[in-house]
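Peer 1: Once you've looked at the hints, go ahead and assemble the two chains, each given alone in its own frame, into the complex.
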Amino acid sequence: MTRYLGGLITADETQATPADAYETTSAPGVWTLAEAAVLTQQSKWPTAGNTIKRAFWFGRTTVNVFYSDITTLGNTTDWGYAMRYAAYTTGTVSSATRAVQCGYYFDPAGAQSRLIEQLNLSSAGAGSNFGELIVTGAQNNMACGNGTRGVFTQGYGYPFSYSNVIEYVTIASAGDGTDFGDLTVARANGSAGFASPTRGVFCAGTTGSATFSNTIDYITIASAANATDFGDTLSATNGTAGCSSSTRGIISGGDVSGSAQTNVIQYVTIASAASATDFGDLTHGIRYHGAGCSETRALIAGEYSGNSGGINYITIASTANANDFGDLTNNEVNGVSCASTSHGGLQ
Amino acid sequence: MSAPNIVNVATITAKTDTLLLTGTSAVQLLENAASSGKVIKVNSLVVANVDGTSAATITVGIYPQDDIGGTAVLLASTISVPADASLIVIDKNMGLYLEEDTSIGVTASAANDLACTITYEELS
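Those protein sequence lines, which keep their order, are chains A and F. Taking our numbering, the leading residue of the first sequence gets 26, the next gets one more, and so forth. Taking our numbering, the leading residue of the second sequence gets 329, the next gets one more, and so forth.
For the record, the hints were derived by calculation from the structure and aren't laboratory data. Note that the structure is a prediction, hence the values are computed from the model and not measured. A portion of the hints provided could be inaccurate.
[As the list claims (entries may be wrong)] With a straight-line Cα cutoff of 25 Å, these simulated SDA-like cross-link-like pairs (lysine to any residue) come out:
id : chain 1 : residue 1 : chain 2 : residue 2
1  : A       : K69       : F       : D379
2  : F       : K420      : A       : T65
3  : A       : K69       : F       : T344
4  : A       : K69       : F       : D412
5  : A       : K69       : F       : D419
6  : A       : K69       : F       : L403
7  : F       : K420      : F       : I334
8  : F       : K420      : A       : A285
9  : F       : K369      : F       : A438
10 : F       : K369      : A       : T65
11 : F       : K343      : A       : V55
12 : F       : K343      : A       : T65
13 : A       : K69       : F       : P392
14 : A       : K69       : F       : V378
15 : F       : K343      : A       : K69
16 : A       : K69       : F       : K369
17 : A       : K69       : F       : A438
18 : F       : K369      : A       : T57
19 : F       : K369      : A       : P53
20 : A       : K69       : F       : T406
21 : F       : K420      : A       : E60
22 : F       : K420      : A       : A199
23 : A       : K69       : F       : I416
24 : A       : K69       : F       : T381
25 : A       : K69       : F       : T387
26 : A       : K69       : F       : S414
27 : F       : K420      : A       : L58
Isolated chain F, as found in the complex (with noise of 0.2 Å):
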C-alpha cells in the first residue's frame, strides 16, 4: 500500500506512547512500518527528567527506515534536560509527518532518567 492523500483519509486514529530510556543506546519511539498504508502525523514530543538530581541529555533522530534503520538525520542533539524538568521537543506547530518505512529514535544520556511521552495520529 502506499501513503494516503491525507486530504481523503478513511480513518485517523490519535495514539500516545510512552517510554522509558532505560539505557544509553538509541531506541525506537515510534515507526511508520515498510507499506502500513499510513502517514504518521505527530503532535507532540515531551521528554520529562525523572532523576531528581542531575541533568541528562535526550538526542532525537529521525531514521529513514523503519526500526531505526539506517543513519540518522537529528532533530534534537544532545539537548540537556534539567532535572525534575519536562522538555518540548516537537509541538504541534512543527507539523511533523513519518512516512512509510521511516521512523523516530531517542538516545539518553543517563539510563533511567528519561522518558519520552509522544502523540500523534494514524491517518490511513
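So here's chain A without its partners, still in its complex pose (with noise of 0.2 Å):
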C-alpha cells in the first residue's frame, strides 16, 4: 500500500495530496507542519483566502451559466443553470462561493419580482431558492457587496416606479430581505455597483421615461443607512456595468443620454468621494452588460440587444484601453449581470 502525504490511506488515490493552493481545494487527512510546508513550496497546500477567480455570466433570455477563469483568456465555460433569466440587469452580489441575485423581469403579475435566487459557485449545478425582497417588485437594480452581506437597490419598483429602496441580505444564509436605506435619488437600469469590504458604491441609472442620471452614491455595507452622495460619472448613462478592486472602482459603457451605448470605461477611487475619471475604451459600445473581476483584472462582456463583441479586459490598477479577453457562449444574451469569486469586495 502506497503511503501518502498525511497518512492518508483513500480508496481515491487523486484526493490522496491537494492539486492546488485554492482555498476550497480538498485535502483530506492528517498532516504535519512538515507536509504542509512541501506542500506550500509546491504551490499546492490550500490557503485561506486563494480562492478561484472565477466571473460567471447570467444570462437575458436564457438560464444557461457560464465562467471564466479570470487570469486567463479565453472563451467561457459551461457551469450550470440559474433558475430565471436575469433579464435585463440582474442586480447580482457574489462571495467566493455563492451568487445571490434578484431583480427578474415583471411577469404580467410581479410574481417574480420579489425573488431572491442563489448559485453556488464553488460546484456546478442549478440555482436555487434563497428569499424575497420586502418590496413587492423590483427589476434593473444595482447590487454590491462584500464577502458577508449583499445589497440590493430595487431599481424599477412594481408596479412601475422609479425607486429609491436599498435592502440587503446576508450572503451565508438564506433568507429575505431586510430594509437599509435609500438611494440619493430613486433610480433604476444602471446597473453599475460595486464594493470595497466596507464601502458600496451606485452608479448612474434612469430617473425617468428617457432621463438618464449622472448620480454616484455610496453606503457603509455594515451599517443599514441612507446612501450619501459620491460625485459624479462623466455624462448621464444607464445600462452600465460596475467592478472593483478594493481600492478602485470601474464603471463600463452604458447608453449616455441623447446619444448611442457609448464604449468608455471610467473609474473612482472607493475610499474618497469624488467624481469619476476616464479610465480608456473598451473596443466596441456596450449597453446592458455585465463586469467581473479580480483584484487586479476586471472582464467586461455582454449586451442586452446583442452584440459581437466578446469579453474585453482591463488591468483595473492601470489606465488604458480594454483588450479582448475571449468569447461568450451565445453571446446576445449572455453576460447582462456578472458574478465574480475574488471582486474587491472580498479583498
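Peer 2: Listed below in C-alpha cells is the structure:
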C-alpha cells in the first residue's frame, strides 16, 4: 500500500494530495507542519483566502450560466443553471462561493419580482431559492457587497416606478431581504454597483422615461443607513456595469443620454468621494451588460440587444484601453449580469 | 509553590482538552496558573478544520502569563488548515513544557471552522 503525504489512506488516490493552493481545494487527511510546508512550496497546499478567480455570466433570455477564469484569456465554459433569466441587468452579489441575485423582469402579475435566488459558485449545478425582497417588485436594479453582506437597490419597482429603496441580505444565510435605507436619487437601469470590503457604490441609471442620471452615491455596507452623495459619472448614463478592486471602482459603457451606447470606461477611488475619471475605451460600445473581476483584472461583456464584441478585459490599477479576452457562449444573450469569486469586496 | 522537579514528581495526570474556535480573536487553549505547583507537558495539538468547504488559518502562541496575558511568542503563525483536514501543530517529539504563569492561545481566521484538541500531562 502506498503511503501518501498526511498518512492518508483513501480509496480515491486522486484525493491523496491537494491539486492546487486554492482555498476550497480538497485535502482530507491528517497533516504535519512539515508536510504542509512541502506542499506549500509546491503551490498545492490549500490556502485560506486564495480563491479561484472566476467570473460567472448570467443570461438575458437563458438560464444557462457560463464562467471565465479571470486569469486566463479564452472563451467561457459551461457551469450550470440559474433559476430564472437575468433579464436586463439583474442585480447580482457574490461571496467566494455563492452568488445571490434578484431583480428579475416582471411577469404580468409581478410574481417573480420579489424573488431572491442563489447559485453555488464552488460546485456546478442549478440555482435555488434564497428568499424574498420586502418590496413588491424589483427590476433592472443595482447590487454590491462584500463577502458577508449583499446589498440591492430596488431599481424599477412594481408597479412601475423608479425606486430609491435599498435592501440587504446575509450572503451565507438564505433568507428574506431587510431594509437598508434609501438611495440619494431614485433610479434603475444603472447596474454599476461595486464595493470595497467596507463601502458600496452605486452609479448612474435612469430616473424617468428617457431621463438618465450621472449620480454616484455610496453606503457603508455594515451599517444600514441612507446612501450619501459620492460624485458624478462623466455623463448621465444608464445600462452601465460596475466592478472593482478593493480600492478602485470601474464603470463601463452604457447608453449616454441623447446619444448611442458608449465604449467609455470610467473609474473612481472608492475610499474618496469624488467624481469619475476617464480610464480608457472598450473595443466596442456596450450597454446593459455585466462586469466581473479579481483584485487586478476586470472582465466586461454582454449586451442586452445583441453584440458580437466578446469579452473585454482591463488591468484595474492602470488606465488604458481594453483588450480582447475571449467570447461569451451564446453572446447575444449571455453576460447581462455577472458574479465573481474574487472581487474587491472580498479582499 | 514552585514547579516540581520532574525527576521526582508525585502525580502525573493525563488530560485532553478540546475547543471549537467560535470567533476570530485569540482565546486560551491551555494555561498553567501562577503558583500552581505544576508543570504541564504538552504532547500534541491537533487542529481540525470542520468546515467542509474552505481553508482557514490557525495561529498558536505561547503567552508569558496565564489567561493569555502579555504578548505571545508564536509557535505557528497563520498556518492554513484545509477544509476537512487536520494539522498536527505540536507532536510528542517537540517536548513542549508549559511552566507556571504561562498559557497557550489560539487564533482562527474564521469563526466555527477550526476545532483544537490538545493532549498533555500535568506533573506535580
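Peer 1: Evaluate each hint against the coordinates.
Peer 2: Evaluation of the provided hints:
1. A:K69 / F:D379: Between A:K69 and F:D379 the Cα gap is close to 19 Å, so the pair holds against 25 Å.
2. F:K420 / A:T65: At roughly 24 Å apart (the allowed maximum being 25 Å), A:T65 and F:K420 satisfy the hint.
3. A:K69 / F:T344: It is violated: about 32 Å lies between the C-alpha atoms, which goes past 25 Å.
4. A:K69 / F:D412: 16 Å, holds
5. A:K69 / F:D419: 23 Å, holds
6. A:K69 / F:L403: Holds. A:K69 to F:L403 sits at ~23 Å (cutoff 25 Å).
7. F:K420 / F:I334: Holds, because 17 Å separates the two Cα atoms, which is no more than 25 Å.
8. F:K420 / A:A285: 72 Å, violated
9. F:K369 / F:A438: 29 Å, violated
10. F:K369 / A:T65: 30 Å, violated
11. F:K343 / A:V55: 21 Å, holds
12. F:K343 / A:T65: Violated, at roughly 33 Å.
13. A:K69 / F:P392: 35 Å, violated
14. A:K69 / F:V378: At roughly 20 Å apart (the allowed maximum being 25 Å), F:V378 and A:K69 satisfy the hint.
15. F:K343 / A:K69: 35 Å, violated
16. A:K69 / F:K369: 34 Å, violated
17. A:K69 / F:A438: Holds. A:K69 to F:A438 sits at ~21 Å (cutoff 25 Å).
18. F:K369 / A:T57: 20 Å, holds
19. F:K369 / A:P53: At roughly 29 Å apart (the allowed maximum being 25 Å), A:P53 and F:K369 break the hint.
20. A:K69 / F:T406: 17 Å, holds
21. F:K420 / A:E60: Status holds; Cα separation ~17 Å.
22. F:K420 / A:A199: 44 Å, violated
23. A:K69 / F:I416: Measuring from Cα to Cα gives roughly 18 Å; hence the hint holds.
24. A:K69 / F:T381: Status holds; Cα separation ~16 Å.
25. A:K69 / F:T387: 20 Å, holds
26. A:K69 / F:S414: 16 Å, holds
27. F:K420 / A:L58: Holds, at roughly 14 Å.
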